[in-house]
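Asks: Since the structure of chain X is provided, determine the placement of chain U on it from the hints.
Residues per chain are reported as follows:
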Amino acid sequence: MSLRIVVTVKYVPDATGDRHFADDLTVDRDDVDGLLSELDEYAVEQALQISENSDDDVEVTVLTVGPEDAKDALRKALSMGADKAIHVEDDDLHGTDAIGTSLVLAKAIEKAGFDLVVSGMASTDGTGGIVPALVAERLGVPQVTLLSQVSVGDGVVKGRRDGDAASEQLEASLPAVVSVTDQSGEARYPSFKGIMAAKKKPVESWDLSDLDIEAEEVGLEGAFTKVEVANERPARTAGTIVKDEGEGGKQLAEFLASQKFI
Amino acid sequence: MAEVLVYVDHVDGAVRKPTLELLTLARRIGEPVAVALGNGAADTAAALAEHGAVKVLTHDASEYAEYLVVPKVDALQAAYDAVSPAAVLVPSSAEGKEIAARLALRIGSGIITDAVDLEAGDEGPVATQSVFAASFTTKSRVIKGTPVITVKPNSAAVEAAPAAGAVETLAVTFSDQATGTKVTARTPRESTGRPELTEAAIVVSGGRGVNGAENFSIIEALADSLGAAVGASRAAVDAGWYPHTNQVGQTGKSVSPQLYIANGISGAIQHRAGMQTSKTIVAVNKDAEAPIFELVDYGVVGDLFDVVPQLTEEIKARKG
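Chains as they are written, first to last, in my numbering: chain X, 4 to 265; chain U, 8 to 327.
Hints should not be assumed to be uniformly reliable.
For lysine to any residue, the following SDA-like pairs were computed, each having C-alpha atoms within a straight-line distance of at most 20 angstroms [claimed, not checked]:
hint	chain 1	residue 1	chain 2	residue 2
1	X	161	X	6
2	X	229	U	115
3	U	146	X	236
4	U	151	X	263
5	X	229	U	129
6	U	146	X	130
7	X	263	U	129
8	X	229	U	152
9	X	202	X	6
Pulled from the structure, derived: some chain U residues nowhere near chain X, Cβ distances all over 12 angstroms [said to hold, decoys possible]:
hint	residue
10	8
11	9
12	35
13	68
14	91
15	93
16	100
17	163
18	171
19	175
20	178
21	180
22	219
23	268
24	304
Not close to chain X: a few residues of chain U, all C-beta gaps over 12 angstroms, as computed [what the hints assert, rightly or not]:
hint	residue
25	37
26	67
27	85
28	89
29	188
30	206
31	222
Hints were generated in silico from the structure; no laboratory data involved.
Where is the CB? At the ideal position from N, CA and C, for every residue including glycine.
So that you can see chain X by itself, here it is in the shape it has in the complex:
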């Protein structure tokens, strides 16, 4: 038996940098360093653990859609231990929204061949958290999403989903789409050996024509949504700051009362 796992990852602007919008109201990627979305590291980790715990022959492929620099995200995943990588890159992808991204991912996943797709719960830039569900809908396979715990065996994926109202145990037959939360288990650091090995691992590059996608289906032209205004939030006016000299709690209570919270 063999198990083909595709891990979808995103290359995102560093949240600790000065993120802003470009003139066309897409995310400016030139002025801020990018990196593998932290939440996708958990997806890579779970894919590797599934691989390590399996008696089957498992291949972990990491897939991203993004500009040239997005290769950095793939290299990071490869250095953690993924076997190979696919980079979908095309100038016409600039400005693609979640619906379009799910189209590109679904076509690429189908072309790569898969038994299991593993994603992070959301990207750290858009934070929508809807792409795994969209990919599952497009692929016509079960979605087993937002798992804090995941296991695969005998062609079945099982996991725990912790919601607001309840914690649920889920189960689906493969093929399936899984997404994992930051509670699924700390992601490993790449070892020196892993980093050296990653340099020799294959990275395939596909463009839209490889996936039979027309330019007008994606990018700003194909987008189903449009950002019309993006304004930087005005800096908060400086608040009152007091040093506690024994009455700090009472002073704070006075403030809360003045604001009618008490």
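Replies: Okay, now just chain U, sitting in the frame of chain X:
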């Protein structure tokens, strides 16, 4: 007037507050038609009518509890086909966003998630979002298909607006995908008696400075004096001091209460991402240089073990 489909989030017939907020927003762009599914669906009608639903479409089947997400997508699509609405609004819970996304894809429409405000526009509804850890505010529109928009809790004040709320049973045929993901067990979360974190008007949070699970009782006591929900920073959750379900931040919950009180929280960007849109922000921290103080309306530089209990006592005294 155009009809607007509103997906109802309820627990056994008790409508959750974000849905009532959604009805208020829906009235700005049309006449709300509510869709309530699962156990107790028909019991939601009175509350929905009280808040402006002209019609309530209900359907109950065991599939909603036994399988994940897709049966609800099938039902919402059936409602969409029956009503041909001008927009579809869904609460921005994790499940709500997944339902909305799959519906949007099926009906060939765009989707906007996590809106914090909604207004009517000449070319359809305009949604406000707060992005990049709330450092930017955007206004966006769906430009293809019927706008599908998910709205975050606390985005509007609930307003009563009695309407007919005529109950109709929705006809639903489940798709082949509906039974793909089985829910094999469900453990309801134990009620703490406190408000739900994302819905609360006041949130009291503790971070690294709380320094131990046992000390969270100080944070809880303050929360209880204000009728508030309790939140925790990632540092406190990772240390095992408080459950992950209470985590506020980029990888936890995003909250936008009237009042947010951060105790022993330095204010890393990841935490700020989850609370920066709170209306009034207060912090207690020993470190005068903590970045959280850049955000506050009122801050106390001091030891939370001195300040917080004193604050709690003072609140209790004032409330008599």
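Asks: Work down the list of hints and note, for each, if the structure agrees.
Replies: So, going through the hints one by one against the coordinates:
1. X/161 x X/6: holds (15 angstroms)
2. X/229 x U/115: holds (15 angstroms)
3. U/146 x X/236: holds (13 angstroms)
4. U/151 x X/263: Violated, at about 44 angstroms.
5. X/229 x U/129: Holds, at roughly 15 angstroms.
6. U/146 x X/130: holds (16 angstroms)
7. X/263 x U/129: Answer violated: residue 263 of chain X to residue 129 of chain U is near 38 angstroms, above 20 angstroms.
8. X/229 x U/152: Distance of about 13 angstroms is within 20 angstroms: holds.
9. X/202 x X/6: With Cα atoms ~24 angstroms apart, residue 202 of chain X and residue 6 of chain X exceed 20 angstroms; violated.
10. 8: At about 25 angstroms from chain X, residue 8 of chain U clears the 12 angstroms cut-off, so the statement holds.
11. 9: holds (20 angstroms)
12. 35: holds (18 angstroms)
13. 68: It holds; residue 68 of chain U is separated from chain X by about 18 angstroms at its closest Cβ, greater than 12 angstroms.
14. 91: holds (18 angstroms)
15. 93: holds (16 angstroms)
16. 100: Violated, since 7 angstroms does not exceed 12 angstroms.
17. 163: holds (19 angstroms)
18. 171: holds (30 angstroms)
19. 175: Answer for residue 175 of chain U: holds, closest chain X Cβ roughly 26 angstroms.
20. 178: The claim holds: residue 178 of chain U sits with its nearest Cβ about 22 angstroms from chain X, beyond 12 angstroms.
21. 180: Given a closest Cβ separation of 17 angstroms, the condition holds.
22. 219: holds (20 angstroms)
23. 268: At about 9 angstroms from chain X, residue 268 of chain U fails to clear the 12 angstroms cut-off, so the statement is violated.
24. 304: The claim breaks: residue 304 of chain U does not keep its Cβ more than 12 angstroms from every Cβ of chain X (closest is about 4 angstroms).
25. 37: About 20 angstroms separates residue 37 of chain U from the closest Cβ of chain X, which puts it past 12 angstroms; holds.
26. 67: Holds, because the least Cβ-Cβ distance between residue 67 of chain U and chain X comes to about 17 angstroms, which exceeds 12 angstroms.
27. 85: Non-interface label on residue 85 of chain U holds, nearest chain X Cβ at 16 angstroms vs cutoff 12 angstroms.
28. 89: holds (21 angstroms)
29. 188: Residue 188 of chain U is in fact no farther than 12 angstroms from some Cβ atom of chain X, at 4 angstroms.
30. 206: violated (9 angstroms)
31. 222: holds (16 angstroms)
Taken one by one, the earlier hints fail for this structure at numbers 4, 7, 9, 16, 23, 24, 29, 30, listed in ascending order.
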